[in-house]
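Please construct the entire structure, taking both the sequences and the accompanying hints into account.
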Amino acid sequence: MWTTKTFLTKTKRGNILKIVREHYLRDDLLCGSSACNICPHKDEEYVLDSKPDSVCALFDYPHYLLLDTNVVLHQIDVLEEDALKNVIMLQTVLEEVKHQNTAIFQRILEVINNKKRKFYSFVNEHHKDTYVERNPGEKQNDRNDRAIRKAASWYALHLSVNNVAGQFPQIVLLTDDENNRKIAQEEGIVCCSVKDYIENVNGFVGLIDKLSKNVIPETCSKDALYPAHFTPTQIHTGIRNGKLYQGTFHASRDNFLEGTVSVNRFEKPILLQGHIGINRAVDGDLVAIEVFPEEEWRKPSDIVLEDKADDPGDLLEEESALLSSAKPLDSSKDEITPTGKVVGIIRRKWRQYCGILMPSKFPGATRHLFTPAEKRIPRVRIETRQSDVLASQRILVALDSWPRNSRYPLGHFVRALGPIGDKDAENEVILLEHDVPHARFSEAVLACLPPNDWTIPEEEIKKRVDLRSICICSVDPPGCTDIDDALHARPIDGVTADGLKKYEVGVHIADVTYFVRPNTALDKEAASRSTTVYLVDRRIDMVPDLLSSNLCSLRGGEERLAFSCVWEIDENANVLSTKFHKSVIKSAAAMTYEEAQITIDNSSRKDEIARSLRTLNALAKKLKQKRLDNGALLLASPEIRFQVDSETHDPVEVQAKKIMDTNSMVEEFMLLANVSVAEKLAEEFPQCALLRRHPSPPPANFTTFLKATRQQGFEIDVSTNKSFSKSLDEAVLPGRPFFNTMLRIMATRCMQQAVYFSSGTLSHPDYYHYGLACPIYTHFTSPIRRYADVIVHRLLAACIGEDVTHASLLDTKQADSICDNLNYRHRQAQYAGRASVALNTHILFKNRIEIESAVVLSVKRNALQVLIPKYGLEGPLYLPSDKFTYNEEEHYQICSDVTLKTFDELTVRLTLDSTNLQHRKLVFQLVKPHVPGFSYVPEDSGMEVESVASAEEVKETPIKKRKETKQSKPKKKSKNQ
Amino acid sequence: MPGPDLLSSQGLRLDGRRPNELRRIRCKLGVFTQPDGSAYLEQGNTKVLAAVYGPHQASKSKSTTEGVVVNCQYSMATFSTGERKNRPRGDRKSQEMSLHLRQALTAAIKTELYPRSQIDIYVEVLQADGGAYCAGVNAASLALIDAGIPLRAYACACSASMAWRNGEPEPLLDVGHVEEAAGGVVLTVASLPNTGSIALLEMSHRLHMDYFKVVLSRAMQGCRDIEIILDKAVRDHLAEGWTKQDVVTI
Ligand SMILES: [Zn+2]
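Chains G and D, in that order, are what the protein sequence lines are.
Residue numbers for the first sequence follow UniProt numbering, so the first one is 1 and each next one is one higher.
Residue numbers for the second sequence follow UniProt numbering, so the first one is 1 and each next one is one higher.
Hint data in this document are derived by calculation from the structure and do not stem from the laboratory.
Bear in mind the structure is a predicted one, so any value in this text is a computation, not a measurement.
No false leads were slipped in.
Between beta-carbon pairs, the in silico distance windows are:
{"no.": "1", "chain 1": "G", "residue 1": "T231", "chain 2": "D", "residue 2": "E180", "range": "29 to 39 Å"}
{"no.": "2", "chain 1": "G", "residue 1": "T704", "chain 2": "D", "residue 2": "M203", "range": "54 to 64 Å"}
{"no.": "3", "chain 1": "G", "residue 1": "E290", "chain 2": "D", "residue 2": "E168", "range": "45 to 55 Å"}
Facing chain G, a subset of chain D residues (Cβ under 8 Å, in silico):
{"no.": "4", "residue": "S9"}
{"no.": "5", "residue": "R23"}
{"no.": "6", "residue": "N45"}
{"no.": "7", "residue": "G82"}
{"no.": "8", "residue": "V178"}
{"no.": "9", "residue": "H208"}
{"no.": "10", "residue": "D210"}
Note that CB positions come from ideal geometry on N, CA and C, so glycine has one too.
Here it is as structure tokens:
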């Protein structure tokens, strides 16, 4: 059957356009029910049971559920539970869901694809008996409701054909739309609201908690606390005629009643203040805002404001404190920021949030408050009957709505992650909050793996260059089980034209793409994860353990497949030739940096490994010098290692990472390999090579940095990376060895992020890598833990004819979307790693107090940002405004004869403040220079203030207990300087 | 999986067709009396008219002794697309289409039978909804038959595209405008299904070699399906013609 759909749409230019689409109606679509006697189903096409068990007390006969769109959109958490089975999903519903919320659409697809759930998706829109045409003047929504009801009655009739009455399943329509329910009842369709249905489901504890709260329409003004949001049409017109602006709302970290929205037209972000100004926007939402006239503009308040500890009920408290501080005291222009208010929400960007429950003070209450771990998210009101159990847990909560009459958004409990303070639960929080995919690998993924006892097949060895006889070794950090790279170097015969000695140097990278074939489940999973995530005590692998720690890992003494990059290099480290090939290697030794360093330094060792390492080391130094001469920057970031207790996995000590010659030796050859590969790829695939670039930082990034260095008496030239590098080298203060490192740490923070990109999306000069000062760069050397390298391996294999290309590899658009995901995941992985370091630092400092030397990173209005080089820790050292005066122009703080400015070295006392379980933080107190009445005075000087002493006693006690229980690991004493 | 969602998880296309189904084709021969042969053809919402004049004596400049000169003109009506555009005759795109038409039809016509003469074929697109070229070739084939010009075989044209279903590649037959606009590759084939030969092959984007074969074979299948439809239309027309001819052409 053939029909057309006609509808009107607007073109970009605003013309009205009539669009006619073909729409075919079919008679070969199946109903999916085993109770059906009509449709020609094949066995595997039966999805719905012929006699489904009823779980709901309201309907004690066999029935199928048919869901309305609003049910899927609002109750997806309930649907994801195993309780409801034998459900019919109409195409009408799926399309509406897809249109309104793609995330939920993906989730419902997953439910449908789960065979055990028995969800049947019925293509009612193309079925000749269930298609309904839109009546003239009928709203799309009403038409869809009608289509849903039509499908419901069709199913009831269809199943009754040739069936004995009472022997076939009935249809129950679940909908939260009262109007739809009323009409359905009139038409003789059995229907029910989700709430009624779920509340009568037996045998699934906690299902009710997952019910999303019913949405109160925006127009309802009963007990309203907040002004109503504009309708989409109002927003649309407002934006078009320039009265409103749209942008993403960013809540402030420090002040819960403040946030900003960046809008193109204004240079500064628009400031939003107070409950009414923010009007229920949540961090990340796309909002419409109105900007106030200029005389009402304010400056951002510089106070820290946290929501009250207890539940104030549905009241908005006085905002006078906030507002008075925000009013400009003087009319200094640069402090004042455009100010406005949120008038509507264009799109919510809500996700699920981790946090803890704050049980209501009233026993037996079901309404509680939930505090998210992310400070920028407001508290959420949820309903649960399990508050006793959940109070001690980290839990996950989804937001449902934020009606006008509720102080807090409403949400529902999704699941518990584990006890607060428990290591696994805390790690889970870190992973969820950073969107790190960390579920166990699915069966489909594991099915792509070779058997555990896999060995290299003979015919594979024949295809490859056999390097098993060459002395290759790997050098990695201690405890590394995913060894991606190995190296070798040996002298070769002959000399160059200039009479220089020649060497053959090879970098051998694990051949991951031999195992991870394109478009397999394994490949897709790896692509989605993009990177291995390293937490302090846990590694979330990109590919399953069998590959990452065994078959791909280039372990010592074992035969492994590799992708080799082999150069001829003269003794001045000039590359004479480069070749790439797949190979088989047998690593002679898997060493740590330290072992390799010892081998090199031990002059009595004359074996092949030692000679090879010495050659590599000598060449690496020359390579490095060349790089530096080109203008490469030597940057620094404080990196630390935790020593972890083998039983409890708690950190017991922390130290800065040691950097040895051998670190840099491996790094140089990896850089060389990456550059060589990048050049080859860009030449061969100008449209789709995956490369990595590092944009040069905009000059504005350096303003504060330059001010600070000037105060120390250095003029840093940041015009090019070469001049920058040179002036960094020259900025040395005798007697302060750490100063230069500090400078480099600070310089690192002025940089842009390096990003992956597809060569087809940018022009050649933009390929430049600023930090490495090389025109082209990519990642080739860590395919076990980075997906970018996997793609690069595939491209390179295609270049040299060792593997076939496949369609998605060569598509610029797809390469671009892969890059987006890579960049996102890498950033998140980095943040997750940092969060894990912070978590472990907190655990470490739970039981200790230390006095350490520190350096000032920056000077703020009410605090100094300080760094403890020993631990790589940084945090604010608050300065009271009654003692210190802040100089805004020059960025320093002054108190009588003490001046504190950036790069100054201090002594501070470190303790952990655990009063807030969610946000435990390290407290820094000034020890030296001494400011009377402010600085902390160490005990042994006998000037201890009593109250501090008692506080310390409380904190000291756990240490003693610890010492008794764990004799084996002696504690390091606090150092006093 | 990459690529736009052209196939639902149930395996239906946006308009409700399965991947191997043609759009609805309706056609009629002999719709005009003035030309020597004419036909009207609908392929879904794409509607075209074709008219054939000749063979007649060729103008001196074009005339060859080797065979008949096939002259094609492809044009689109102002009202053929959603946004009305004034389309000058003989713009670049139409010229290219004219050449493509000529290539396909010359392959079908027994050109050697008429030296020093010329056949003029006009194809006018009344409504464009994807695959106008294919519809044009199919309509012209019918018009040539209506004009009584000897053909080696039916010239049929059909397009095919690529989609993904559950991660597996699945070629789509007879691509409509919506699918075309989604940005996938469109492979257009004009062939003489009877002989299995390909008269014209054109592709809109790059397609990886791995998939070329399946897409091509699906397009060829489409050509064969179209041939059956055209053949039936011709037979119906002739059966009708014997009885009604005198009544119709007054
Ligand atoms: Zn049926």
